[in-house]
Amino acid sequence: MRTLAIGDIHSGLRGLEQLLNRAKVTKEDQLIFLGDYVDGWSTAVETVSFLIELKKTHNCIFIRGNHDVLAQDWLLYKKHNPIWLQHGGTATRASYDKADQKTIADHLQFYDSLRNYHLDTEGRLYLHAGFTNLKGIEFEYFEQTFYWDRTLWELACSLNPDLSPEDTRYPKRLSHYKEIFIGHTPITKTGIAEPKMAANVWNVDTGAAFKGPLSMLDVDTKEVWQSDPVEMLYPNEQGRN
Numbered sequence: 001m002r003t004l005a006i007g008d009i010h011s012g013l014r015g016l017e018q019l020l021n022r023a024k025v026t027k028e029d030q031l032i033f034l035g036d037y038v039d040g041w042s043t044a045v046e047t048v049s050f051l052i053e054l055k056k057t058h059n060c061i062f063i064r065g066n067h068d069v070l071a072q073d074w075l076l077y078k079k080h081n082p083i084w085l086q087h088g089g090t091a092t093r094a095s096y097d098k099a100d101q102k103t104i105a106d107h108l109q110f111y112d113s114l115r116n117y118h119l120d121t122e123g124r125l126y127l128h129a130g131f132t133n134l135k136g137i138e139f140e141y142f143e144q145t146f147y148w149d150r151t152l153w154e155l156a157c158s159l160n161p162d163l164s165p166e167d168t169r170y171p172k173r174l175s176h177y178k179e180i181f182i183g184h185t186p187i188t189k190t191g192i193a194e195p196k197m198a199a200n201v202w203n204v205d206t207g208a209a210f211k212g213p214l215s216m217l218d219v220d221t222k223e224v225w226q227s228d229p230v231e232m233l234y235p236n237e238q239g240r241n
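Residues 1 to 241 (the working numbering) make up the sequence shown, in order.
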């Protein structure tokens, strides 16, 4: 069994289908999706429906992303959110405008079932964005941090690579976990990039909402699979560019 971490999809179902095929994913694999299933390309409804069906046949863990919360809030309350619309929400709203009430109800159940994080038996942490409490995830004060924070990746990137985890100056929040896998902050928005490690944090968001590919990482071997740049799979669409 492989444990495979998948970066931010942003409604790019065509990229996800390509990725699952290229990695030859089977029912024996565990798939950990790092959040942001919607907001970007035109197939938001199709993407979430695909994931709901995939869960029925495959071992899937779905992490909550900030864009999933934004879409869920709109579906529940229909409150105008211009910032959400500017960052991929317009395509998601248009997609849901064509959906029936049964589909919307199923999707709301999916959004509600998302996890803020997953900690496996090897001490590896999976979450969308980050956390700030020095004692670790169990002590985080605000749930929103798990899917909005950017300081974890910023910290990892700025850390002296020669600093040992045993050093008293090593960041305490990184010391609790063998490895941490996140999305949320694209490594690039303009070209091809592979998942990147800084300190013990792996960023798997390779900009599928923009001009990059969707990426999958085998957390044990660190083998990477990628789709084509997702913008090529949605010609004549803007995405979040």
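These are computed hints drawn from the structure, not numbers from a lab.
Fair warning: there could be bad hints in the mix.
What the hints assert, rightly or not - Using 16 Å as the maximum straight-line C-alpha spacing, the simulated EDC-like pairs for lysine to aspartate or glutamate come out as follows:
hint, residue 1, residue 2
1, Lys196, Glu179
2, Lys178, Asp120
3, Lys189, Glu166
4, Lys27, Glu46
5, Lys102, Glu28
6, Lys98, Glu140
7, Lys211, Glu194
8, Lys98, Glu166
9, Lys55, Asp112
10, Lys56, Asp29
11, Lys196, Glu223
12, Lys222, Asp29
13, Lys172, Glu154
14, Lys78, Glu53
15, Lys211, Asp228
16, Lys55, Asp97
17, Lys172, Asp228
18, Lys56, Asp97
19, Lys211, Glu237
20, Lys102, Glu17
21, Lys79, Asp97
22, Lys189, Glu140
23, Lys24, Glu166
24, Lys55, Asp100
25, Lys27, Glu53
26, Lys196, Glu166
27, Lys178, Glu166
28, Lys178, Glu194
29, Lys222, Asp167
30, Lys196, Glu140
31, Lys56, Asp73
32, Lys55, Asp106
33, Lys24, Glu179
34, Lys178, Asp106
35, Lys172, Glu140
36, Lys178, Asp220
Said to hold, decoys possible - Beta-carbon label-pair distances, calculated as ranges:
hint, residue 1, residue 2, range
37, Lys178, Ile104, 16 to 26 Å
38, Gly191, Asp220, 37 to 47 Å
39, Gly136, Pro161, 38 to 48 Å
40, Asn21, Lys98, 43 to 53 Å
Idealized CB from N, CA, C, for every residue including glycine.
Here is what the structure says about each hint:
no. : hint                        : result
1   : Lys196 - Glu179             : 13 Å, holds
2   : Lys178 - Asp120             : 10 Å, holds
3   : Lys189 - Glu166             : 35 Å, violated
4   : Lys27 - Glu46               : 21 Å, violated
5   : Lys102 - Glu28              : 31 Å, violated
6   : Lys98 - Glu140              : 38 Å, violated
7   : Lys211 - Glu194             : 13 Å, holds
8   : Lys98 - Glu166              : 55 Å, violated
9   : Lys55 - Asp112              : 15 Å, holds
10  : Lys56 - Asp29               : 14 Å, holds
11  : Lys196 - Glu223             : 12 Å, holds
12  : Lys222 - Asp29              : 15 Å, holds
13  : Lys172 - Glu154             : 15 Å, holds
14  : Lys78 - Glu53               : 26 Å, violated
15  : Lys211 - Asp228             : 10 Å, holds
16  : Lys55 - Asp97               : 25 Å, violated
17  : Lys172 - Asp228             : 38 Å, violated
18  : Lys56 - Asp97               : 26 Å, violated
19  : Lys211 - Glu237             : 11 Å, holds
20  : Lys102 - Glu17              : 24 Å, violated
21  : Lys79 - Asp97               : 15 Å, holds
22  : Lys189 - Glu140             : 30 Å, violated
23  : Lys24 - Glu166              : 39 Å, violated
24  : Lys55 - Asp100              : 21 Å, violated
25  : Lys27 - Glu53               : 13 Å, holds
26  : Lys196 - Glu166             : 23 Å, violated
27  : Lys178 - Glu166             : 13 Å, holds
28  : Lys178 - Glu194             : 21 Å, violated
29  : Lys222 - Asp167             : 26 Å, violated
30  : Lys196 - Glu140             : 25 Å, violated
31  : Lys56 - Asp73               : 25 Å, violated
32  : Lys55 - Asp106              : 13 Å, holds
33  : Lys24 - Glu179              : 25 Å, violated
34  : Lys178 - Asp106             : 35 Å, violated
35  : Lys172 - Glu140             : 14 Å, holds
36  : Lys178 - Asp220             : 12 Å, holds
37  : Lys178 - Ile104: 16 to 26 Å : 39 Å, violated
38  : Gly191 - Asp220: 37 to 47 Å : 28 Å, violated
39  : Gly136 - Pro161: 38 to 48 Å : 23 Å, violated
40  : Asn21 - Lys98: 43 to 53 Å   : 27 Å, violated
Hint compliance for this structure: hints 3, 4, 5, 6, 8, 14, 16, 17, 18, 20, 22, 23, 24, 26, 28, 29, 30, 31, 33, 34, 37, 38, 39, 40 are broken, all remaining hints hold.
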